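K.L.:
Listed below are the residues making up each chain.
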Amino acid sequence: MSRAALLLLADGRFPAGGHAHSGGIEAAIAHQAVHDTDSLQTFCRGRLHTTGLTTAGLAAAAAAGVNPLLLDDAADARTPAPALRAVARRLGRQMMRAARATFPSKDLERLAAARPQGAHQPIVLGLAARAAGLTPLDAAYAAAYENASGPATAAVRLLSLDPLDASSLLAHLSTDLDAVATAAARAADRATAEGVDALPSASSPLLDITGEQHAAWTVRLFAS
Amino acid sequence: MRHSPHPRQPQRTRHHAPAATQRRPVPPPTPAHRQKPRQGRDHRRDERPLGGDRLTIDVTAGDRAALEVTTAAATLALRGPTTAPATYDVRLTVGEHASLRWLPQPLISAADSNLRQTCTVELASTARLLLREEQLLGRANEDPGHLVSRLLVHRAGRPLLDQQTAYGDPEPGWDGPAILHGHRAVGQLLLVDPQMSMRRSPILLRPRSREGCAVLAPLAGGPALLATAVAPTSSTLRELLDEALTHALGQ
Amino acid sequence: MHLDHPETMPQRHTHSAEPLRADGTRRALRVGLGGPVGSGKTASVAALCRTLREGWSIAVVTNDIYTREDAEYLLREAVLPPERITAVETGACPHTAIRDDISANLEAVEHLEETLRPLDLVLIESGGDNLTATFSKGLVDQQIFVIDVSSGDDIPRKGGPGITTADLLLINKTDLAPHVGADLATMATDAKRQRGDLPVIFTSLTSDDGIRDVADWITAHLTEWHHKAAA
Chain A
1 MSRAALLLLA DGRFPAGGHA HSGGIEAAIA HQAVHDTDSL QTFCRGRLHT
51 TGLTTAGLAA AAAAGVNPLL LDDAADARTP APALRAVARR LGRQMMRAAR
101 ATFPSKDLER LAAARPQGAH QPIVLGLAAR AAGLTPLDAA YAAAYENASG
151 PATAAVRLLS LDPLDASSLL AHLSTDLDAV ATAAARAADR ATAEGVDALP
201 SASSPLLDIT GEQHAAWTVR LFAS
Chain B
1 MRHSPHPRQP QRTRHHAPAA TQRRPVPPPT PAHRQKPRQG RDHRRDERPL
51 GGDRLTIDVT AGDRAALEVT TAAATLALRG PTTAPATYDV RLTVGEHASL
101 RWLPQPLISA ADSNLRQTCT VELASTARLL LREEQLLGRA NEDPGHLVSR
151 LLVHRAGRPL LDQQTAYGDP EPGWDGPAIL HGHRAVGQLL LVDPQMSMRR
201 SPILLRPRSR EGCAVLAPLA GGPALLATAV APTSSTLREL LDEALTHALG
251 Q
Chain C
1 MHLDHPETMP QRHTHSAEPL RADGTRRALR VGLGGPVGSG KTASVAALCR
51 TLREGWSIAV VTNDIYTRED AEYLLREAVL PPERITAVET GACPHTAIRD
101 DISANLEAVE HLEETLRPLD LVLIESGGDN LTATFSKGLV DQQIFVIDVS
151 SGDDIPRKGG PGITTADLLL INKTDLAPHV GADLATMATD AKRQRGDLPV
201 IFTSLTSDDG IRDVADWITA HLTEWHHKAA A
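Chains as they are written, first to last, in full-length UniProt numbering: chain A, 1 to 224; chain B, 1 to 251; chain C, 1 to 231.
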């Protein structure tokens, strides 16, 4: 199938529920840890190299044909914050709905049947990429790009930043995105032989802590 | 905190029979505490992991054994004669109905050090574990070295927790708002207990504080609670983890 | 707090607003209520619940701009039991959640369907937005656009997708017309020009049974929906 499918999967307008999630930036802004374009860039870069690498690895492994149920367990083990697990599964359900309509495949149907409450989102994304004929590296790019662009887009709304600055900072992250996607795809390749422990498990203590804090807020704009 | 004993020689190692088995002979922890031959420098003269060192600790609590391992003082990662990373690998195995408390003192990542640490835990399905990890990034008024640390826990052969952290230059964004945001002490406390009630809501510790905070929450893959804490200092970090432990034990 | 219920989410067989459930039974009728902030969407939902709850099994999904305000109003007013009211977060873009990416709303609706069977009617209230906000046909079967007299009697003339295409245009707060100098006749003429034969209801929700005409309109659709199900 066409490489153009990657553009569709990575498009922020792909209707899979991502627009209502801030990728932790709403909490970071509330703590005044992020307040301008520079601090936003540092946030996105740190997130990309931690949870971004981990999700990209899961997506790439799913696209490479690693058993999605084992990947789902691996994703749980890499997501110690229950609020973030719930978000990942909710987004997985929503991605599944969009993916089944867009790139129907037996793999997606099987996973939907095995995980009716939703699999972790990057695994669904990876299977959708596989269904679209994309490579594990493509899937890693889609996951990594979404990891960085989500908080950048949310920050534009929350901080009234100049959207051109946000686009510029994402462009500045290009080499980071290349590095993360490449590392994720390599690890996915290893995982096909060695199992899921070969996948990245890069994590951030603050994203876990603030993710749980955010879930306890009674007033918030974003679901996570 | 300046002196550091060799991490392969915990200062206190206790074996005792679990209460449930006291009426009959307790199989010895097999092996209770095995040390692998060290490669490289003589650890008796050098008590700290230096660049290029490769250290391994292997601890097994055999079926029905109870084991507690602590160290008396912090482990200090220092700059070595080479820029190659030192490695420090801890492998913990806990058998059926066995219990391990792994409570070492903090690991300090000193300036210009370069350490890759792994802690790999294999738990039987009825095993109990209390594990604390604390990392201090730099001594007083010192930039930290480069510390990459992975904690990988399997329970009954399935992944329970898998987390890798990477702090210090050249890690991208490590001190920024997504990862540490200036905090210099970071730690985790993991409690695995098959007898624990698992319908627990997350507990937020000091959520509005700028001087450190933590969350205690259940893991997905088993009867396990994990506390994750960040703090500006080691003492605040310990307070948070102690507080988390109190909650975890339901006290 | 978590507003979804991942523990009980059933397997999905539909991608969007297909009229039948997986087991072949007809799902609940979904009616969207959109319109600008302050026009009376939440008050309409509350009044509809009070009027229709005796005869029909109803649930509500709110899309607050700032989480849960509307849902909590409905809870406070006790128009329905709490398990029948769900809030969806919209990431500062309420129109996106009802039009461009409806997945969170679909999840909420399907969850209510699964847990409250049998359900006859789901009211989906949009976050207060502008005149361009409309519901996706993938999410609702009928949509009501709510405006009010006090925001200016030129709103129907200005048009926009909500005014021109909604299945029902509800013009609220007619009691305020004399106080704000609004010309109801002009509004009616403009609405007719914009909407052709599509219905328009003028009302004041603060008056006794001010919601009656709207409730009757929904009841007619409910009856038709059930006839289709029985056919």
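Everything labelled a hint here was simulated from the structure, so no lab data went into it. A few of these clues could be false.
Rough simulated footprint, nothing fancy, chain B against chain A, three-plus residues with beta-carbon under 8 Å [as the list claims (entries may be wrong)]:
| # | region |
| --- | --- |
| 1 | 156-167 |
| 2 | 199-212 |
Facing chain A, from chain C, some residues (calculated, C-beta under 10 Å) [to be verified]:
| # | residue |
| --- | --- |
| 3 | E69 |
| 4 | Y73 |
| 5 | E77 |
| 6 | V88 |
| 7 | G91 |
| 8 | A92 |
| 9 | A97 |
| 10 | D100 |
| 11 | I102 |
| 12 | S103 |
| 13 | A104 |
| 14 | S150 |
| 15 | S151 |
| 16 | D153 |
| 17 | D190 |
Pairwise CB distance ranges, derived in the manner of DEER restraints [unchecked claim]:
| # | chain 1 | residue 1 | chain 2 | residue 2 | range |
| --- | --- | --- | --- | --- | --- |
| 18 | C | E18 | A | R110 | 13 to 23 Å |
| 19 | A | A171 | B | P232 | 27 to 37 Å |
| 20 | B | P232 | A | S168 | 27 to 37 Å |
| 21 | B | G157 | C | A230 | 46 to 56 Å |
| 22 | A | D197 | B | D58 | 11 to 21 Å |
| 23 | A | L164 | B | D58 | 49 to 59 Å |
| 24 | B | A72 | C | R76 | 32 to 42 Å |
| 25 | B | R206 | C | R53 | 37 to 47 Å |
| 26 | C | D154 | B | P232 | 54 to 64 Å |
Please read these numbers as outputs of a predicted model, since none were measured by experiment. The beta-carbon is built from N, C-alpha and C at its ideal position, and this holds for glycine as well.
K.L.:
Just to be sure I understand the hint, the distance between the Cβ atoms of E18/C and R110/A should be within 13 to 23 Å; is that true here?
P.N.:
22 Å, holds
K.L.:
Can S151/C be said to touch chain A, with a Cβ gap under 10 Å?
P.N.:
The hint is violated - S151/C has no Cβ within 10 Å of chain A, the shortest such distance being about 24 Å.
K.L.:
Using the nearest Cβ pair, does A104/C come within less than 10 Å of chain A?
P.N.:
Constraint on A104/C satisfied, holds at 5 Å.
K.L.:
Do the Cβ positions of L164/A and D58/B conform to the proposed distance bound of 49 to 59 Å?
P.N.:
Distance hint for L164/A, D58/B holds at roughly 56 Å.
K.L.:
Hold the hint about A97/C up to the distance rule: shortest CB distance to chain A must be less than 10 Å.
P.N.:
6 Å, holds
K.L.:
Double-check S150/C for me: the hint is only fine if its C-beta lies closer than 10 Å to a C-beta in chain A.
P.N.:
27 Å, violated
K.L.:
Using Cβ atoms only, decide whether E77/C comes closer than 10 Å to chain A, and label the hint accordingly.
P.N.:
Violated, about 19 Å.
K.L.:
Does the region 156-167 of chain A contain three or more residues whose Cβ lies closer than 8 Å to a Cβ of chain B?
P.N.:
Check failed, 0 qualifying residues.
K.L.:
Taking the closest Cβ pair, is Y73/C under 10 Å from chain A?
P.N.:
14 Å, violated
K.L.:
Can you confirm whether chain B covers the region 199-212 of chain A, using C-beta to C-beta distances below 8 Å and requiring at least three such residues?
P.N.:
holds (count 11)
K.L.:
Holds or violated: is there a CB of chain A closer than 10 Å to the CB of D153/C?
P.N.:
The hint is violated - D153/C has no Cβ within 10 Å of chain A, the shortest such distance being about 33 Å.
K.L.:
Verify the interface restraint on I102/C: the C-beta must sit less than 10 Å from at least one C-beta of chain A.
P.N.:
7 Å, holds
Comparing the model with each earlier hint shows violations of hints 1, 4, 5, 14, 15, 16, 17 and 24; every other hint is respected.
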